[in-house]
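Given the sequences, and given the hints that come with them, work out the whole structure.
Residue numbers (this note's numbering), protein chains in the order written: chain A, 2 to 381; chain B, 2 to 381; chain C, 2 to 381; chain D, 2 to 381.
Rather than coming from a laboratory, the hints here were simulated on the basis of the structure. Values in this document were obtained by computation on a predicted structure and should not be read as measured data. From the three backbone atoms N, C-alpha and C, an ideal C-beta is built for every residue, glycine too. It cannot be assumed that every hint is accurate.
[Stated by the list, open to error] Some, not all, of what chain D presents toward chain C, calculated at C-beta under 10 Å:
#1 Ala17
#2 Val254
#3 Leu279
#4 Ala282
#5 Ile379
[Unchecked claim] What follows is a list of derived Cβ distance ranges for each label pair:
#6 Gly234/A / Pro193/B: 33 to 43 Å
#7 Glu222/A / Trp189/D: 48 to 58 Å
#8 Ala356/C / Glu162/D: 35 to 45 Å
#9 Asp77/D / Ala282/A: 45 to 55 Å
[As the list claims (entries may be wrong)] Heads up, simulated DMTMM-like pairs for lysine to aspartate or glutamate below, C-alpha to C-alpha not over 25 Å straight-line:
#10 Lys373/B / Glu222/A
#11 Lys46/D / Glu222/A
#12 Lys185/C / Asp64/C
#13 Lys373/B / Glu370/A
#14 Lys46/A / Asp30/D
#15 Lys373/C / Asp30/D
#16 Lys157/C / Glu222/C
#17 Lys194/A / Glu182/A
#18 Lys373/D / Asp275/C
#19 Lys373/A / Glu116/B
#20 Lys194/B / Asp357/B
#21 Lys46/C / Asp275/C
#22 Lys185/A / Asp30/D
#23 Lys46/B / Asp30/C
#24 Lys373/C / Glu222/D
#25 Lys373/B / Asp275/A
#26 Lys373/D / Glu370/C
#27 Lys373/D / Glu222/C
#28 Lys157/C / Asp350/C
#29 Lys373/B / Asp192/B
4 protein chains.
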Amino acid sequence: MTRRLRLGQVGGGEGAFIGEVHRIASRIDNRFELVAGAFSATPRKARASAEALGVSADRAYDDFRMMAEREAARPDGIDAVSIVTPNHMHYPVAREFLRHGIHVICDKPLTSDLEDARRLAAIARTAGDEAGTRFFVTYNYSAYPLIRQAREMVAKGDLGEIRVIQVEYAQGWLASPVEREGLKQAEWRTDPKRSGDGGAIGDIGTHAFHLAGYVTGLEAEALAADLHRFGPGRALDDNAHVLLRYSGGARGVLWCSQVAVGAENGLRLRVFGDRGGLVWAQESPNEMFFAPLGGAEQRITRNGAGFAAGPIVSARLPAGHPEGYLEGFGALYAGIADVLSGQDAGQADHLPGIADGLRGMEFINAAIESGKAGAAWIGF
Amino acid sequence: MTRRLRLGQVGGGEGAFIGEVHRIASRIDNRFELVAGAFSATPRKARASAEALGVSADRAYDDFRMMAEREAARPDGIDAVSIVTPNHMHYPVAREFLRHGIHVICDKPLTSDLEDARRLAAIARTAGDEAGTRFFVTYNYSAYPLIRQAREMVAKGDLGEIRVIQVEYAQGWLASPVEREGLKQAEWRTDPKRSGDGGAIGDIGTHAFHLAGYVTGLEAEALAADLHRFGPGRALDDNAHVLLRYSGGARGVLWCSQVAVGAENGLRLRVFGDRGGLVWAQESPNEMFFAPLGGAEQRITRNGAGFAAGPIVSARLPAGHPEGYLEGFGALYAGIADVLSGQDAGQADHLPGIADGLRGMEFINAAIESGKAGAAWIGF
Amino acid sequence: MTRRLRLGQVGGGEGAFIGEVHRIASRIDNRFELVAGAFSATPRKARASAEALGVSADRAYDDFRMMAEREAARPDGIDAVSIVTPNHMHYPVAREFLRHGIHVICDKPLTSDLEDARRLAAIARTAGDEAGTRFFVTYNYSAYPLIRQAREMVAKGDLGEIRVIQVEYAQGWLASPVEREGLKQAEWRTDPKRSGDGGAIGDIGTHAFHLAGYVTGLEAEALAADLHRFGPGRALDDNAHVLLRYSGGARGVLWCSQVAVGAENGLRLRVFGDRGGLVWAQESPNEMFFAPLGGAEQRITRNGAGFAAGPIVSARLPAGHPEGYLEGFGALYAGIADVLSGQDAGQADHLPGIADGLRGMEFINAAIESGKAGAAWIGF
Amino acid sequence: MTRRLRLGQVGGGEGAFIGEVHRIASRIDNRFELVAGAFSATPRKARASAEALGVSADRAYDDFRMMAEREAARPDGIDAVSIVTPNHMHYPVAREFLRHGIHVICDKPLTSDLEDARRLAAIARTAGDEAGTRFFVTYNYSAYPLIRQAREMVAKGDLGEIRVIQVEYAQGWLASPVEREGLKQAEWRTDPKRSGDGGAIGDIGTHAFHLAGYVTGLEAEALAADLHRFGPGRALDDNAHVLLRYSGGARGVLWCSQVAVGAENGLRLRVFGDRGGLVWAQESPNEMFFAPLGGAEQRITRNGAGFAAGPIVSARLPAGHPEGYLEGFGALYAGIADVLSGQDAGQADHLPGIADGLRGMEFINAAIESGKAGAAWIGF
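See the structure below:
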């Protein structure tokens, strides 16, 4: 057996959502073992979480700095840390582990503001160049097998020159002011102090933005964003319409919303080139529709006929046995394990890294600026 | 039997598409009989078309002015005229018939430019006020039974206050420059002389714009439109992304495209309020999805459980026997017959009229202006 | 203009459903004009219906025998009669018109029992052989454009040798005993005197049976049918499961039900051969899914890419503008008009005729026999 | 942390499919740790597999009898064994571990013939009664959250009295004789020596049969099965049509096929009662459609509005983030962990056990008998 990588986690204590997702994702392919954590800044909670997770008491920290220091000093110290704190803590935590030569797997968005993001990017690049320490951002949707195939199809020219990109991420769970009713997930997401200046645009818009860029390989050059707050008394945007112009002349619209009643996690991407079009939706991730110019639309299924598993596309199950969100997230962790174990096989070019994290922050920042200026065009 | 109305037609000669659609629509409920026509300005073609359509030779005209004059003079002259010429002829033809007191059923867009539209609107209003002569514009999608139900649901408050409107009309048939390959439908639609200044925005964008307004009852106040021509050498837009702001604070995006490979007639409307959301797609018009806040999404089918046939909503077939485009178009004609026969039953408020036609032209004009100004915001 | 054919109708008076469907179908392509009728055996209703339908008083009959005789005697007598009475009247009415040399368009099932069907078949064959008088049965679903394409694909070998046929027609409208609550459509359909011995199996099972045979070109040789009455006090089957064995070794299941709550007109056909499979559903008739062995599933749309309009496949509208039930029914009438006008173009081989009608009755009869024998196998 | 259960595995060595599925399922919720295994009867492969899986050399066995004996003797011996061998080995392996008081998690079908199944059932019941040793069969589809909800809805009476059950499991991967082309999965599944007398009926038909019974709570009483072999030279059925009669009068059809070209893992269940109907498909497992009598059909999503998580229904992710096959399988393992840890919470009544395994074998046996008798009815 290739040695399982030793993983630590900062954040993700009792009741957290995304921390458990990272843990399952790390476990699903058996490439990591969780051995240390600063699951909470509250000592009692940190210990309880560690115990519940089977992390030994001596590696259950309540201070991420101490964790970084001690783990770096152990011969069996963690190989990588998973950062799943609220956004505003991403920067200080990541910085600390990078400085100790520990690889970082950071949830998105990269930070809570662009300044932090730029600083962190500089640090991460230095850490990478000087010590080979890697930095990953979990834009997990990009690791769905059919999304990776879509990227390969675009790169191969199956769609021809890309013209139009329609991407959306619609949710409805903040249609009512549930943050006032004690829903924790809603509280911090609508709180500028913990989430930064972006609401929907930061929480889900960045996912959509990254996905469009990942699949098409195009760079966004300018945007005009109409941000709005529909929830009464809400401080951050809960709906955003963004016009986009891409390098090479492609045009796009990005819509993200948390007030689209009936929508759950409606992340959907449509890409149209002069030779073909494709459609994929996250809620039904095991199928993709490809229409070649002049031909009938094809339904391509994960591992089915028409699925072209290449080095970066993996799938665990035969066609028709659905893989879901956790398997997609797990593919990110498996790819990270490959890279960190030196079995790269082309993964490194496909795993979201610091540049993607920074670009996402530039997107959020530009959208907010444009929104404040009445949806004026802004280059970024 | 209520007397069938006597119908004439201008345009729609051999090989035309929309002319035949109007004729089938007029025939489907047996409320009209086609008795006269100026199907072509070429005498030979006009006669041949009339004969093929069973119109007697003495009422087959090659000059619409003569037709208006003579039909107005006959005791059994036509009650209404259906205008299905290229867009630039709508104005002179409609004017002529209105002046002779003959009701007009005009295809959309109203005219080829805003000036004509304003003149025609003035004439139509006068004709209505002074002589009771009616003017209808065939925004046919608004007559689909479930669209009419959607309008009623919004009006009743089932969706609460409307917040977000996503409307799109995606086609892919102009992805390649087929207008250079002799495809007639493509030739005139990409020719500014016959279509006016709008390409996709005029041909299909107006449909989407009207549908959104019809269902929500909201007025658009401003837009920012990113219009683009992807087809090589094309003079008119074939893709448009339009941000919209509606009275009352709702925000919307309208996307129309003729280069979305794989799309056929992908007119789709999604409306989200603070109490519910609904989704409808023209290609599957016998079902609509309604998600009440906090409840499971419901599939409402035409004439099925949950279908609330009111005075303006009609459906000929039981649930599960699909009605299509022609039945929807036919519902418009049937409603017009009701109104012209004095059996209104509330139809008049729902049939698209001169104001809708003019508004559509204002929309096209504003979108083009905004597009020229780099997608700047324009009130309209 | 090719002369419109003169059509008469027996049955279909006020309030009837299928009579109006036939009339719209005859009108949609403008190939027929309704000029005579015995719309009811009640003189007052017959006259009122005629008037409402624009049929002149002298051709409004209350006796179908008189109608056949007089129309046959007129120089401008009807070319064809549409029979839309309850099932038990099909035989005597059809016989009468055939004897007078008038073409017959008869609703399905052919008759209410097999004896009548055999007698009628003999008469129709003689009338055809001796006088060229034609007989058509309106298995309307077989005229949907994509169904006709499916038949052509099977005939061409696109699916290879056919192995498995799954066909079903599920409705839910008789889940409750609505026949006791005054619903007329339910009353006669659950009454053996008016419908014959078959309930669901006769009303909708025959449609499914015909469709499977039409598309595959295979002959059913034996069946085992489990018929059941779920509605309290119901005399006829409202659910049937039928195992089928076809010539050449194909196996099938036919399921028809009137108690499948939630189903509307769920007629669905799936055919699998050794080289491909296809799926089509009546409620979404403008698309068909074809999976070639080893390839991705293709979505073939009416008039879209992959649609191979041949001589027998017609479609009025471009892809994406849905045609529905009435257009499909209308295609049957248009084909009949072609045949009767001598413009056959291969239609005659595809229009359901007396043999199909008789075969349907043999199917019903065999299913009932099998059902009585505890779902034993019966050759037919 | 509740102690993770110690798991062993028999079978599942390099290249096996279902063994890895069991392992991921056991890992996903972190309730088991794999510590021992007899992954292969070939010593070299057994060792290599153990090493690849992180199982220490001293607990890597090449003889399942030795494994049972030694693990039973260790103070830290395995709590449970996962049996993922070919079918004909299930009986001897399971017997051995039961005798040593080790809980058994056995893949389906229970055994390769009914005799073994009856013997094993007797042993398992005795082991349960005398030693509290548990036996589970991995009918994994029954653990999908919405399937568990469906069972609860039926039990609560939401569908009323059940009338019709349509269940199918369609695959197309054996349409061609791929077992002759070296496809291992196909080789053993088409070989009576390793699979037993059932082909499709045993491999996938049993899943469908169990699912129908699990959701409806009804007992099948008789069947008539038309089994067929379409693949050239194939010894076992690759398509089966089965009529079913259930206690209480419900009727059903079960269709399973391995030659339905285009189908992947098309397990679909439809249940109709006198008060409602529901539809669920395994390939889209995060949604279920429920039609109440007289109401609009509702789309119920996992963890969405209308989802009634009860004690036996668990779901890890919010609505709209799809869970798939592995999560469903994992729910079975998590439930087993609950039961074995004494945290039952009602799980025990819902986890498939020895009785379900035996019933599945009775179903296969009856279907084969019926098939041989020309699809005659057989009570079972």
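Status of the hints after comparison with the structure:
Evaluation of the Ala17/D hint against chain C yields a violated restraint, the C-beta minimum of about 25 Å exceeding 10 Å. The criterion of a C-beta within 10 Å of any C-beta in chain C is met by Val254/D, whose closest approach is roughly 5 Å, and the hint holds. This hint holds: Leu279/D has a C-beta 8 Å from the nearest C-beta of chain C, less than the 10 Å allowed. With a cut of 10 Å, the hint placing Ala282/D at the interface with chain C is violated, because the nearest CB-to-CB distance is about 13 Å.
For Ile379/D, the interface hint is violated, since its Cβ never comes within 10 Å of a Cβ in chain C; the closest pair sits about 12 Å apart. Distance hint check: the CB atoms of Gly234/A and Pro193/B are about 49 Å apart, inconsistent with the given range 33 to 43 Å. In this structure the supplied range 48 to 58 Å holds for Glu222/A paired with Trp189/D, their Cβ-Cβ distance being about 56 Å. In this structure, Ala356/C and Glu162/D meet the distance hint of 35 to 45 Å, their C-beta atoms being roughly 41 Å apart.
For the pair Asp77/D and Ala282/A, the supplied restraint of 45 to 55 Å holds, since their beta-carbon distance comes to about 47 Å. Straight-line distance between C-alpha atoms of Lys373/B and Glu222/A comes to about 19 Å, which keeps the hinted pair within the 25 Å bound. With a C-alpha separation of about 55 Å, the suggested pair Lys46/D and Glu222/A falls outside the 25 Å cut-off, and the hint is violated. A hinted pair counts as satisfied when its Cα atoms are at most 25 Å apart, and Lys185/C with Asp64/C qualifies at roughly 23 Å.
Distance restraint check for Lys373/B and Glu370/A: the Cα-Cα separation of roughly 23 Å lies within the 25 Å cut-off, and the hinted pair is therefore satisfied. Distance restraint check for Lys46/A and Asp30/D: the Cα-Cα separation of roughly 21 Å lies within the 25 Å cut-off, and the hinted pair is therefore satisfied. Straight-line distance between C-alpha atoms of Lys373/C and Asp30/D comes to about 53 Å, which puts the hinted pair past the 25 Å bound. Proposed proximity of Lys157/C and Glu222/C is supported: the alpha carbons are some 23 Å apart, at most 25 Å.
Distance hint between Lys194/A and Glu182/A is fulfilled; the C-alpha atoms sit about 19 Å from each other, no more than 25 Å. Only pairs whose Cα atoms come within 25 Å are accepted, and Lys373/D paired with Asp275/C is accepted, the gap being roughly 24 Å. Restraint check for Lys373/A and Glu116/B: the C-alpha separation of about 35 Å exceeds 25 Å, so the hint is violated. In summary, the hint linking Lys194/B to Asp357/B is supported, as the alpha carbons are separated by about 23 Å, within the 25 Å threshold.
Taking the CA atoms of Lys46/C and Asp275/C, the gap is near 56 Å; set against the 25 Å cutoff, the hint is violated. With a CA separation close to 23 Å, the supplied pair Lys185/A and Asp30/D stays within the 25 Å bound. For the hint linking Lys46/B to Asp30/C, the alpha-carbon distance of about 21 Å falls within 25 Å, and the restraint holds. A hinted pair counts as satisfied when its Cα atoms are at most 25 Å apart, and Lys373/C with Glu222/D qualifies at roughly 19 Å.
Taken as a hint, the Lys373/B and Asp275/A pair is honoured in the structure, with Cα atoms around 24 Å apart against an allowance of 25 Å. Between Lys373/D and Glu370/C the CA atoms are separated by roughly 23 Å; this keeps the pair inside 25 Å, and the hint holds. Taken as a hint, the Lys373/D and Glu222/C pair is honoured in the structure, with Cα atoms around 19 Å apart against an allowance of 25 Å. The suggested pairing of Lys157/C with Asp350/C holds, with an alpha-carbon distance near 16 Å, which does not exceed 25 Å.
Between Lys373/B and Asp192/B the alpha-carbon distance is near 18 Å, which keeps this suggested pair within the 25 Å criterion.
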